[in-house]
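Protein chains in written order, with the working numbering: chain A, 17 to 491; chain B, 22 to 468.
Because the hints were derived from the structure by calculation, they are not lab data.
As the structure is a computational prediction, the values presented were derived from the model and not from experiment.
From the three backbone atoms N, C-alpha and C, an ideal C-beta is built for every residue, glycine too.
One thing to keep in mind: the hints can contain errors.
If you anchor each label on the Cβ, the simulated ranges turn out as follows [unchecked claim]: (1) B:Asp72 <-> A:Asp233: 55 to 63 Å; (2) B:Asp221 <-> A:Ser135: 19 to 27 Å; (3) B:Asp174 <-> A:Arg381: 45 to 53 Å.
Among the chain A residues that face chain B by a calculated CB cut under 10 Å, a handful are [what the hints assert, rightly or not]: (4) Asp374; (5) Pro423; (6) Ala440.
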Amino acid sequence: MTQSIVVQVGQCGNQVGCRFWDLALREHASVNKKGVYDEALGSFFRNVDSRKSNGGACDIIGGRIQHLKARAVLVDMEEGVVNEILQGPLREVFDSTQLLTDVSGSGNNWAVGHMTYGSAYREQIVDRVRRAAEHCDCLQCFFLIHSMGGGTGSGLGTRVLSLLEEEFPEVCRLVTSVYPSAEDDVITSPYNSVLAMRELTEHADCVLPVENQSLVDIVNKIKQASRGGKPGSVIKRDSAVISGQGGLAGAEKPFDAMNNIVANLLLSITSSARFEGSLNMDLNEIAMNLVPFPRLHYLVPSLTPLYTLADVNIPTRRLDQMFSDAFSKDHQLIRADPKHSLYLACALMVRGNVQVSDLRRNIERLRPSLPFVSWNQEGWKTSLCSVPPVGHSHSLLALANNTCLKPTFMDLRGRFTRLYRKKAHLHHYLHVEGMDQSCFSEALTSLTSLIEEYNQLDATKARLTPDAPRLSIAT
Amino acid sequence: MSIVTVQLGQCGNQVGQELFDVICNDAHEGQRRLYNESSNERFFHETAHGDLVARAVLIDMEPKVINHSMAKAAKSGRWRYGEKSSFSQKQGSGNNWANGYCVHGPRHREAVEDLVRREVECCDRLAGIMTMMSVAGGTGSGVGTYVTQCLRDVYPNSFILNHLTWPYDTGEVIVQNYNSVLTLSHLYQLSDAILVHENDTVHRICGQLLNIKHISFSDVNRVIAHQLGSILQPALTGDSHGVYSRNPLGELVSSLTCHPEYKLLSMCTIPQMASSSIAYSVFSWPGLLKHLRQMLISNTKMEEGIDWQVRAPPVHSGGTERTRSLRGPGFNTSLANLLILRGKDVYSAETGGFQDPALYTSWLSSEEAFNMWKSPVPFNKYEKSATLVSNSQALLKPLDNMVGKAWNMFASRAYIHQYTKFGISEEDFLDSFTSLEQVISSYTQLC
Numbered sequence: 017m018t019q020s021i022v023v024q025v026g027q028c029g030n031q032v033g034c035r036f037w038d039l040a041l042r043e044h045a046s047v048n049k050k051g052v053y054d055e056a057l058g059s060f061f062r063n064v065d066s067r068k069s070n071g072g073a074c075d076i077i078g079g080r081i082q083h084l085k086a087r088a089v090l091v092d093m094e095e096g097v098v099n100e101i102l103q104g105p106l107r108e109v110f111d112s113t114q115l116l117t118d119v120s121g122s123g124n125n126w127a128v129g130h131m132t133y134g135s136a137y138r139e140q141i142v143d144r145v146r147r148a149a150e151h152c153d154c155l156q157c158f159f160l161i162h163s164m165g166g167g168t169g170s171g172l173g174t175r176v177l178s179l180l181e182e183e184f185p186e187v188c189r190l191v192t193s194v195y196p197s198a199e200d201d202v203i204t205s206p207y208n209s210v211l212a213m214r215e216l217t218e219h220a221d222c223v224l225p226v227e228n229q230s231l232v233d234i235v236n237k238i239k240q241a242s243r244g245g246k247p248g249s250v251i252k253r254d255s256a257v258i259s260g261q262g263g264l265a266g267a268e269k270p271f272d273a274m275n276n277i278v279a280n281l282l283l284s285i286t287s288s289a290r291f292e293g294s295l296n297m298d299l300n301e302i303a304m305n306l307v308p309f310p311r312l313h314y315l316v317p318s319l320t321p322l323y324t325l326a327d328v329n330i331p332t333r334r335l336d337q338m339f340s341d342a343f344s345k346d347h348q349l350i351r352a353d354p355k356h357s358l359y360l361a362c363a364l365m366v367r368g369n370v371q372v373s374d375l376r377r378n379i380e381r382l383r384p385s386l387p388f389v390s391w392n393q394e395g396w397k398t399s400l401c402s403v404p405p406v407g408h409s410h411s412l413l414a415l416a417n418n419t420c421l422k423p424t425f426m427d428l429r430g431r432f433t434r435l436y437r438k439k440a441h442l443h444h445y446l447h448v449e450g451m452d453q454s455c456f457s458e459a460l461t462s463l464t465s466l467i468e469e470y471n472q473l474d475a476t477k478a479r480l481t482p483d484a485p486r487l488s489i490a491t
Numbered sequence: 022m023s024i025v026t027v028q029l030g031q032c033g034n035q036v037g038q039e040l041f042d043v044i045c046n047d048a049h050e051g052q053r054r055l056y057n058e059s060s061n062e063r064f065f066h067e068t069a070h071g072d073l074v075a076r077a078v079l080i081d082m083e084p085k086v087i088n089h090s091m092a093k094a095a096k097s098g099r100w101r102y103g104e105k106s107s108f109s110q111k112q113g114s115g116n117n118w119a120n121g122y123c124v125h126g127p128r129h130r131e132a133v134e135d136l137v138r139r140e141v142e143c144c145d146r147l148a149g150i151m152t153m154m155s156v157a158g159g160t161g162s163g164v165g166t167y168v169t170q171c172l173r174d175v176y177p178n179s180f181i182l183n184h185l186t187w188p189y190d191t192g193e194v195i196v197q198n199y200n201s202v203l204t205l206s207h208l209y210q211l212s213d214a215i216l217v218h219e220n221d222t223v224h225r226i227c228g229q230l231l232n233i234k235h236i237s238f239s240d241v242n243r244v245i246a247h248q249l250g251s252i253l254q255p256a257l258t259g260d261s262h263g264v265y266s267r268n269p270l271g272e273l274v275s276s277l278t279c280h281p282e283y284k285l286l287s288m289c290t291i292p293q294m295a296s297s298s299i300a301y302s303v304f305s306w307p308g309l310l311k312h313l314r315q316m317l318i319s320n321t322k323m324e325e326g327i328d329w330q331v332r333a334p335p336v337h338s339g340g341t342e343r344t345r346s347l348r349g350p351g352f353n354t355s356l357a358n359l360l361i362l363r364g365k366d367v368y369s370a371e372t373g374g375f376q377d378p379a380l381y382t383s384w385l386s387s388e389e390a391f392n393m394w395k396s397p398v399p400f401n402k403y404e405k406s407a408t409l410v411s412n413s414q415a416l417l418k419p420l421d422n423m424v425g426k427a428w429n430m431f432a433s434r435a436y437i438h439q440y441t442k443f444g445i446s447e448e449d450f451l452d453s454f455t456s457l458e459q460v461i462s463s464y465t466q467l468c
């Protein structure tokens, strides 16, 4: 079994990360009734006996759980968020060797995060990560969680990403990036986002873009459904994808509901690698199947069901509804409409009591309405994991490599150029050592060429591309 | 003589476990001492305590499936896998053939060869090696191909039968067509015979013949195991002189794959029905054989929706030229066929229909092209069952589809960077495409 390390950078990254660890503990607690430290638990946690003098790892699979420590590195350039985590109920899960904090923050400035702090803390970051990696038997993947709009998550986060590539080139880098919505309250978020995007395009293996506005919409939808009051539509307690019920953390804080969705996303992606099933999917298979060209590694995630109704009998129709919902634009975690754009590849990761025939039936049913690129007409990657998430009997995570991200990126580029044309706020960035105008123009070029690649693929959608002529054999 | 089975990847290990289960259960039925002993010797060795241990090596690049299969076997109470017969790593091959073939294969070569050698040494006489794997993923296909290559080097005089599971047409893995093309082109040079099961066909059998509502992979695997078991269980062959054959793989290979260009074998077994219905059904050899023959020539892989319009033309004295032109479209020409009959009154079965020269190519006489094995012992609860293993055009269309889709994807160079990073270049792809186009061409022109 392999291990993964979560690197959470910045306020958003750490808050999402905190929800992730809480829900991960909850999930493993519900599956692992005997309290035995098994391999599934080992993929995210170390087992530590703190009575031992050497701070003692006792990672023996099959031993009793003593103290679980998360395989995580927490980075933030101001102390508030990390301190709050360390004072909360999750403090036992982290130790001081996993943290890196500073005092003054990055001032929503990508350049400060990337250049200033990036250089100043390079050694320490590598050291923290290396220490976490040494505790791993077989490290498979780094999960980086950050936001794109601010300074630390965006700037220092992407610096960490390129450090991970340098120091651990063999290990997969899966980045969960929270993109700013159009009405973001940070004025310079377009600059930060575009500068960060260039790094993501070049150094990440896979990016899961998530947008605040979509998360808000989903939260509202669930709240509305639970207030709904239609008879028979009572939501089962703690089954909503936003719920943190049963976890360690106490009262729900703002943003918790949204962050829980992202945490559930990460749990579902790794479920097939941690738990058994009839058709397994490991983390390295995600990049292999969903990334046809190296730069097009942005995958639109969608999670269903959002909640489970309280009535126990789930007839097949509800199961089919789950599959249909995964492709509706209300369930995507980023504002995009994949059904009307071109699919390059799609992965369906099913959890729970679902059989291969249900999967086949739904793929056949939905296939005609989904436009796939001509050279990948059956571009489905499927996996079946037998362990459902907490509170559900089955769930589905769909990851789509789809050109519907083009409008999102074009929108981002638009907001960037509106500021850049007027050179608004530019001096804050150019003052930083190591930063100059070429960084901006290169980042813009990188984004433009990415949009262009999507454009070219979109153009093939309308045309009926003939099959490539086959090799002919002399007879 | 004993067969050593090498199970590779998730599919290979899951199907393999079901196969040993079917065989063990079949061999424990009733008073059939010689049959049971022969079957046990072929597939298991007995420990000092009387446990049956499968003659199998389990290989996977990640541990979950092997653990599951070994636990499931032990739970049966009747047989188990050897504790030291498995090899696994921590991290899988990521559905990447190049990763399996170029990285994992060579890295673990010695360990794998060692395990196989230990099993081979436990056999009094080796009948041959059977590998079981899928072609869609990374380990079964990539590591499986590499392991076949190694075994070919280490055991140059042994028979190697590759059992392959082909994925659903509508996709289980996006790069499945690349992985399949690379696997088949390499195996063609190494294998003695390639026996294929297609997930789509087996799925239909589960749904339409066995009436299973929610088909799971266990159901699919059990059908595959049943069909494979009906070939591999002891039988009396033409060469075995009244006793159960001691050279099943050799006889299979020599009856069916007489030409190096034609190695793809398909199979169908009838009857297949829900176990609850078996007790109420009556079978007759003429009925079964008539259906099976029509299934062969109309290329229907299961006993439903058989196209009775397709007919073999009568052979005139005008010779083979006329026969060829009289075969209608949809007629499945065979190179060779092996019919295996098991059950009651098997000696009275009339199999002349399969010896009709109109079914076969012109360059083999029908006596050479058709072989038959019999066993008076009923197999797996079916009073009578008939299995046909064919070297025919049956797999031509699926193979053509697979190569066509892979070629389309290759034309846009999608995913190629994932393979080149592990050492498989575009040249290697082109070589593979070329050799498979050659195979397709050969089968297309079979007449």
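Evaluated hints:
no.: 1; hint: B:Asp72 <-> A:Asp233: 55 to 63 Å; in the structure: holds (60 Å)
no.: 2; hint: B:Asp221 <-> A:Ser135: 19 to 27 Å; in the structure: violated (57 Å)
no.: 3; hint: B:Asp174 <-> A:Arg381: 45 to 53 Å; in the structure: holds (48 Å)
no.: 4; hint: Asp374; in the structure: holds (7 Å)
no.: 5; hint: Pro423; in the structure: violated (23 Å)
no.: 6; hint: Ala440; in the structure: violated (39 Å)
In this structure, the earlier hints numbered 2, 5, 6 are contradicted, and the remaining ones agree with it.
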